[in-house]
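> One-letter residues, chain by chain:
There are 2 protein chains.
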Amino acid sequence: MNTPAPSAPGTALIAALQTSLGADQVLTASEDIIPYGFDGTATLKQRPLAVVFARNAAQVSAVLKLARLHHAPVVTRGSGTGLSGGSVPSTAAIVLCLVKMDRILELDTANLTLRAEAGAITQTIFDAASAAGLFYPPDPGSMKISTIGGNVAENSGGLRGLKYGVTRDYVMGLEVVLADGSICWLGSKCVKDVAGYNLRDLFVGSEGTLGVITQVLLKLLPQPAARQTLLAMFSRMDSAAETVSAIIAAKIIPCTLEFLDRKTIRCVEDFTHVGLPLDAEAILLIETDGHPAAATDEALKIEDLCRLHGATSVKRAASASEAALLATARRSAFSALARLRPTTILEDVTVPRSELAGMIRDVEAIALKHDLNIATFGHFGDGNLHPTILTDERNTAEMHRVELAFADIVSATLARGGTITGEHGVGLAKKPFLRRQLGDASYDLLKLVKRSLDPDNLLNPGKIFDL
Amino acid sequence: MNTPAPSAPGTALIAALQTSLGADQVLTASEDIIPYGFDGTATLKQRPLAVVFARNAAQVSAVLKLARLHHAPVVTRGSGTGLSGGSVPSTAAIVLCLVKMDRILELDTANLTLRAEAGAITQTIFDAASAAGLFYPPDPGSMKISTIGGNVAENSGGLRGLKYGVTRDYVMGLEVVLADGSICWLGSKCVKDVAGYNLRDLFVGSEGTLGVITQVLLKLLPQPAARQTLLAMFSRMDSAAETVSAIIAAKIIPCTLEFLDRKTIRCVEDFTHVGLPLDAEAILLIETDGHPAAATDEALKIEDLCRLHGATSVKRAASASEAALLATARRSAFSALARLRPTTILEDVTVPRSELAGMIRDVEAIALKHDLNIATFGHFGDGNLHPTILTDERNTAEMHRVELAFADIVSATLARGGTITGEHGVGLAKKPFLRRQLGDASYDLLKLVKRSLDPDNLLNPGKIFDL
Numbered sequence: 016m017n018t019p020a021p022s023a024p025g026t027a028l029i030a031a032l033q034t035s036l037g038a039d040q041v042l043t044a045s046e047d048i049i050p051y052g053f054d055g056t057a058t059l060k061q062r063p064l065a066v067v068f069a070r071n072a073a074q075v076s077a078v079l080k081l082a083r084l085h086h087a088p089v090v091t092r093g094s095g096t097g098l099s100g101g102s103v104p105s106t107a108a109i110v111l112c113l114v115k116m117d118r119i120l121e122l123d124t125a126n127l128t129l130r131a132e133a134g135a136i137t138q139t140i141f142d143a144a145s146a147a148g149l150f151y152p153p154d155p156g157s158m159k160i161s162t163i164g165g166n167v168a169e170n171s172g173g174l175r176g177l178k179y180g181v182t183r184d185y186v187m188g189l190e191v192v193l194a195d196g197s198i199c200w201l202g203s204k205c206v207k208d209v210a211g212y213n214l215r216d217l218f219v220g221s222e223g224t225l226g227v228i229t230q231v232l233l234k235l236l237p238q239p240a241a242r243q244t245l246l247a248m249f250s251r252m253d254s255a256a257e258t259v260s261a262i263i264a265a266k267i268i269p270c271t272l273e274f275l276d277r278k279t280i281r282c283v284e285d286f287t288h289v290g291l292p293l294d295a296e297a298i299l300l301i302e303t304d305g306h307p308a309a310a311t312d313e314a315l316k317i318e319d320l321c322r323l324h325g326a327t328s329v330k331r332a333a334s335a336s337e338a339a340l341l342a343t344a345r346r347s348a349f350s351a352l353a354r355l356r357p358t359t360i361l362e363d364v365t366v367p368r369s370e371l372a373g374m375i376r377d378v379e380a381i382a383l384k385h386d387l388n389i390a391t392f393g394h395f396g397d398g399n400l401h402p403t404i405l406t407d408e409r410n411t412a413e414m415h416r417v418e419l420a421f422a423d424i425v426s427a428t429l430a431r432g433g434t435i436t437g438e439h440g441v442g443l444a445k446k447p448f449l450r451r452q453l454g455d456a457s458y459d460l461l462k463l464v465k466r467s468l469d470p471d472n473l474l475n476p477g478k479i480f481d482l
Numbered sequence: 016m017n018t019p020a021p022s023a024p025g026t027a028l029i030a031a032l033q034t035s036l037g038a039d040q041v042l043t044a045s046e047d048i049i050p051y052g053f054d055g056t057a058t059l060k061q062r063p064l065a066v067v068f069a070r071n072a073a074q075v076s077a078v079l080k081l082a083r084l085h086h087a088p089v090v091t092r093g094s095g096t097g098l099s100g101g102s103v104p105s106t107a108a109i110v111l112c113l114v115k116m117d118r119i120l121e122l123d124t125a126n127l128t129l130r131a132e133a134g135a136i137t138q139t140i141f142d143a144a145s146a147a148g149l150f151y152p153p154d155p156g157s158m159k160i161s162t163i164g165g166n167v168a169e170n171s172g173g174l175r176g177l178k179y180g181v182t183r184d185y186v187m188g189l190e191v192v193l194a195d196g197s198i199c200w201l202g203s204k205c206v207k208d209v210a211g212y213n214l215r216d217l218f219v220g221s222e223g224t225l226g227v228i229t230q231v232l233l234k235l236l237p238q239p240a241a242r243q244t245l246l247a248m249f250s251r252m253d254s255a256a257e258t259v260s261a262i263i264a265a266k267i268i269p270c271t272l273e274f275l276d277r278k279t280i281r282c283v284e285d286f287t288h289v290g291l292p293l294d295a296e297a298i299l300l301i302e303t304d305g306h307p308a309a310a311t312d313e314a315l316k317i318e319d320l321c322r323l324h325g326a327t328s329v330k331r332a333a334s335a336s337e338a339a340l341l342a343t344a345r346r347s348a349f350s351a352l353a354r355l356r357p358t359t360i361l362e363d364v365t366v367p368r369s370e371l372a373g374m375i376r377d378v379e380a381i382a383l384k385h386d387l388n389i390a391t392f393g394h395f396g397d398g399n400l401h402p403t404i405l406t407d408e409r410n411t412a413e414m415h416r417v418e419l420a421f422a423d424i425v426s427a428t429l430a431r432g433g434t435i436t437g438e439h440g441v442g443l444a445k446k447p448f449l450r451r452q453l454g455d456a457s458y459d460l461l462k463l464v465k466r467s468l469d470p471d472n473l474l475n476p477g478k479i480f481d482l
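Here the protein sequences line up with chains R and U, keeping their order.
Under this note's numbering, the residues of the first sequence are numbered 16 to 482, in order.
Under this note's numbering, the residues of the second sequence are numbered 16 to 482, in order.
These aren't lab readings, by the way, just hints derived from the structure by calculation.
Treat the hints with care, as some may be off.
No distinction is drawn between identical chains; accordingly, a pair holds when it is met within one copy or between any pair of copies.
[Claimed, not checked] Lysine to aspartate or glutamate pairs mimicking DMTMM-like chemistry, simulated, CA-CA at most 20 Å apart:
#1 K80 <-> D459
#2 K266 <-> E121
#3 K266 <-> D123
#4 K80 <-> D455
#5 K278 <-> D253
#6 K266 <-> D142
Keep in mind the model is a prediction, meaning the values are calculated, not measured.
Please build the complete structure, drawing on both the sequences and the hints.
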C-alpha cells in the first residue's frame with residue numbers, strides 16, 4: 016500500500032465524479048476501497064484514489080473524460096479474479112468497476128448470439144444460453160464469479176480450449192469507450208464481416224489498456240447432444256504425453272484433455288477423497304462431446320489408446336453424476352493446492368502441444384534446483400500448463416528463490432517455442448518477460464498502438480509494458 | 016489508365032530496385048506491367064510504375080525501405096483474384112508481387128499446423144493438409160489460384176463459413192514486414208497465447224494497408240470422416256428461408272448451406288445441364304460432415320425439415336460422385352452468370368441470418384426499380400449474399416443505374432443490421448459506404464491505426480478509406 020489516503024490532489028476529481036455519477040457511486044473511504052486494491056494474483060496490491068461504479072456506457076464515457084481532464088489513471092475491473100495483476104490499481108488511480116452493468120440484453124436464438132453488458136457474470140451467460148439449448152463454451156476457472164468484460168479484456172481460456180477455442184473465438188462484437196470518451200461499436204451479428212480493420216480483436220485481450228469494454232455480443236453454439244468422460248492413470252508422465260500425441264494422431268480432438276501431476280494428485284485426493292491412486296505419476300481427464308455415436312466412438316478409441324500407451328487404469332463414467340465426480344478431481348486442483356502453504360503462485364506458461372512432456376520435466380528440474388514445492392496441472396490438449404508454486408510471501412529468502420524459478424520457467428518455455436502466458440494475461444506479473452518473447456519489432460509495435468489509442472497513457476497504465 | 020508510362024520521377028527508384036532485387040525481378044515495360052494493373056473486380060484498372068518480385072522477407076523489407084526513401088506507394092498482391100479492387104495499383108505505385116514466395120515450409124502433424132510463404136496457392140495448402148489426413152477449411156471461390164497471403168489480407172470466406180468460420184479463424188501466426196521495413200512475427204503455435212495485444216488479427220483483413228504479410232502459420236483440423244450432400248428445391252424463397260431457420264432451430268450446423276435464386280438456377284442449368292428444375296424459386300445445397308452417424312443423422316433430419324417446410328423435392332447424394340455433381344450446381348454459379356453479359360459485378364453484402372429472406376426480396380425489388388438483371392446466390396447459412404449484376408460497362412446509362420442499385424442494396428443491408436462486405440473486402444469498391452456502416456467513432460479509429468502504422472501512407476494508399 017504505497018499510496019497515501021485520498022488527499023488534496025484528487026479532491027476536485029472526486030467531487031466531479033460524485034456530481035456526475037451520484038455520491039453513492041463513488042467510494043473513497045479506506046475500508047471501502049481496500050477490497051479494490053488487489054485481484055486474484057498473489058503478492059500484488061495498491062490502494063486506489065477512489066472506486067466508481069458506472070451503470071452504462073455514457074457514465075463510463077463521463078468517467079474517462081473527467082479522468083483525462085484531471086490526468087488521473089483509470090483501472091477498469093469486474094469481479095477482480097484476474098491472475099496477472101491486470102486490475103491491480105496503479106498509483107492514485109480511479110478504479111472503474113463495472114459489476115453493476117450486469118444485464119443480459121438479448122438472446123437471439125435465430126442468429127445464435129447473446130448480447131450482454133460487460134459486468135454480467137460468465138456463469139449467468141452460460142446458464143442463459145443453456146436454458147435455450149445453446150452453449151457458450153469458454154469456461155475459465157473463475158466463471159462462477161468473473162465478469163464477461165473481464166474475460167474479454169483478458170481473453171480468458173479454460174478447459175475446452177483444444178476443441179472450442181477461447182473467449183476471443185466467441186466475441187462477435189464489442190461496445191468500447193475510447194480514451195477520449197467516444198463510444199464505438201466494433202463487429203456485428205454477421206458471421207462474415209470484413210468491413211474495415213478488425214479492431215474488435217485488438218480490444219480482446221488488451222487488458223483495459225486501450226479502452227473500456229462496456230458491451231459484448233457473443234456467438235453461441237448448439238449444445239452438444241452427448242458427452243463422455245474418462246479418467247486415465249499413468250505411472251510415467253511420458254506415457255501420458257505419448258497417449259495425448261496418439262489421440263491427436265488418431266484425428267480425435269477431445270473437448271477436454273486435462274492433466275494432474277503426482278503432487279497435485281496427492282493434494283486433490285487428500286482434499287476430495289474421490290479415490291485417486293496416490294502412486295500415479297500423471298492423471299488425464301478426457302472428455303469427448305457431440306453426437307452420441309461420435310462421443311462414444313471417440314471415448315472407446317481413447318480408452319484403447321490410453322491402455323496401449325501404458326495407462327495403469329482407465330475409468331469411463333457410466334453416468335452424468337459419475338462424470339461430474341471424475342471432473343471434480345481436476346476442477347478442485349487449485350483449491351486443493353492452495354490449502355498447503357500461505358501463498359499460491361499460479362503459473363500459466365504454454366507450449367506447443369508436442370513440447371508439453373519436456374516442459375513438465377523442465378518444471379520438475381527447476382523445482383529441485385531452487386528447492387521449491389511446485390505442483391503442476393493444466394490443459395494438456397492445448398499445451399497450457401499451470402505450475403503452481405506453493406510458498407509463503409513472508410519468507411524473503413524463499414520468495415527470492417521463487418523469483419529465480421519463475422525466470423527459469425519462462426526461459427524454458429521460450430526455448431520450447433512457447434508463450435509466457437496462455438490465458439492469464441501479462442498484467443504486472445509477466446511484464447518483465449514480454450519483450451524477450453515478442454522480439455523488439457513486435458514489442459515496439461504494441462507500444463505504438465498503445466500510444467496512438469491512449470496518448471495520455473491513462474488507461475490501466477504500467478500494465479503489459481512500461482511506455 | 017490514368018498513369019503515364021514510367022518516366023523521370025520513378026527512374027531512380029527503379030534503378031535502386033533493380034540493384035536490390037536483380038534487374039530480372041523488376042518489370043517496367045508496358046506489356047509486362049499491364050496485367051498487374053487490375054484484379055478480379057470489374058471496371059477497375061490503373062497502370063503501376065513497376066512490378067517487382069520478392070523472394071523472401073528481407074527483399075520485401077528492402078522494397079519497403081526504398082519505396083519510403085522515394086515516397087512511392089507500394090501495392091502488394093498475389094494472384095490478383097480480389098473482388099473489391101484491393102490490389103488495383105494506386106497512381107505511380109510499385110506493385111510488390113509475392114507469387115514467387117510460394118513454398119510450404121512446414122507441416123507439423125503433432126501440433127496440427129502448417130507454415131507457408133504468403134505466395135503459396137490456397138489449393139496447394141489444402142492438398143498438402145489433405146495428404147496428411149488433415150483439413151484446411153476456408154475455401155474461397157478463387158482457391159485454385161489465389162494465394163494464402165491474399166486470403167489472409169482480405170480475410171477470405173467461402174462456402175464453409177457457418178460451421179468452420181473464415182480465414183481469420185485458421186491464422187495462428189504471421190510474419191509481417193512493417194512500413195519502416197522491420198520484420199516481425201505475430202502469434203505462435205500455442206493454442207492459447209495472450210502475451211500482448213493481438214496484432215496478428217489486426218493484419219488479417221487489413222488489405223495490404225498496414226504491412227506486408229510474408230509468412231503464415233495456419234491451424235489445421237482433422238479431416239471429417241464423412242459427408243452427406245443434399246439438394247432441395249423450393250417453389251417459394253420464403254419456404255427455403257424458413258427451412259434454414261428450422262435447421263438452425265433444430266441445433267444443426269451444416270458445413271455448407273448454399274442457395275441459388277431462380278435466375279441463377281436457369282443460368283446454371285443452361286451451362287451445366289445437371290437437371291435443375293427451371294420452375295424452382297430457390298435451391299438449397301446443404302452438406303453435413305463429421306462422424307458418419309452424425310453426418311447421416313443430420314442429413315436425415317434436414318431432409319425431413321426441407322419437406323416439412325415445403326420443398327418440392329429433395330435429392331440426397333448416394334455417392335461421392337453424385338455429391339460432387341450436386342455441388343457443381345453451386346460451384347458453377349458465378350461462371351454460368353458471367354457468360355450472359357459482358358460485365359459481371361459481384362456484390363457481397365451480408366446480413367444476420369434471420370434477415371436473409373427479407374434481403375433477397377429487397378434485392379429483387381431493387382432490380383425491378385432500376386430495370387437491371389440481378390441474379391442472386393450465396394451462403395444462406397452465414398447470411399452472405401452475392402447479388403450479381405449482369406451488365407455492360409460500355410453502356411453508360413445502364414452503368415449509372417447499376418451505381419444507383421448498388422447504393423440501394425447497401426442501404427437495405429445496413430437497415431437490416433448487415434455489413435457492406437462479408438468476404439470480399441472494402442478495397443475501392445466499398446470505400447464510399449464504410450463510414451455509414453461503422454459510424455464516425457469507429458471509422459476515425461481505423462484511420463488512427465492506419466496513421467500510426469503507416470505514417471507516410473505508402474502501403475496500398477486510398478484503399479478502405481481516404482486519409
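> Please go over all the hints and tell whether each is borne out by the structure.
For each hint, the structure was consulted:
Only between protomers do K80 and D459 lie at most 20 Å apart by alpha-carbon distance; the minimum there is 18 Å, versus 27 Å within a single protomer. Taking the shortest alpha-carbon separations for K266 and E121, only the inter-copy value of 19 Å comes in at or below 20 Å, while the best intra-copy value is 37 Å. Taking the closest pair of Cα atoms, K266 and D123 come within 20 Å of each other only across two copies (13 Å); inside a single copy the shortest separation is 33 Å, beyond that limit. Within a single copy, K80 and D455 get their C-alpha atoms only as close as 33 Å, which misses the 20 Å cut-off; across copies the closest is 18 Å, which meets it.
With identical chains, the CA atoms of K278 and D253 are at most 20 Å apart within one copy only, with a shortest distance of 16 Å there and 61 Å across copies. For a Cα distance limit of 20 Å, the shortest separation of K266 from D142 across copies, 17 Å, qualifies, whereas the shortest one inside one copy, 31 Å, does not.
Hint compliance for this structure: every hint is met.
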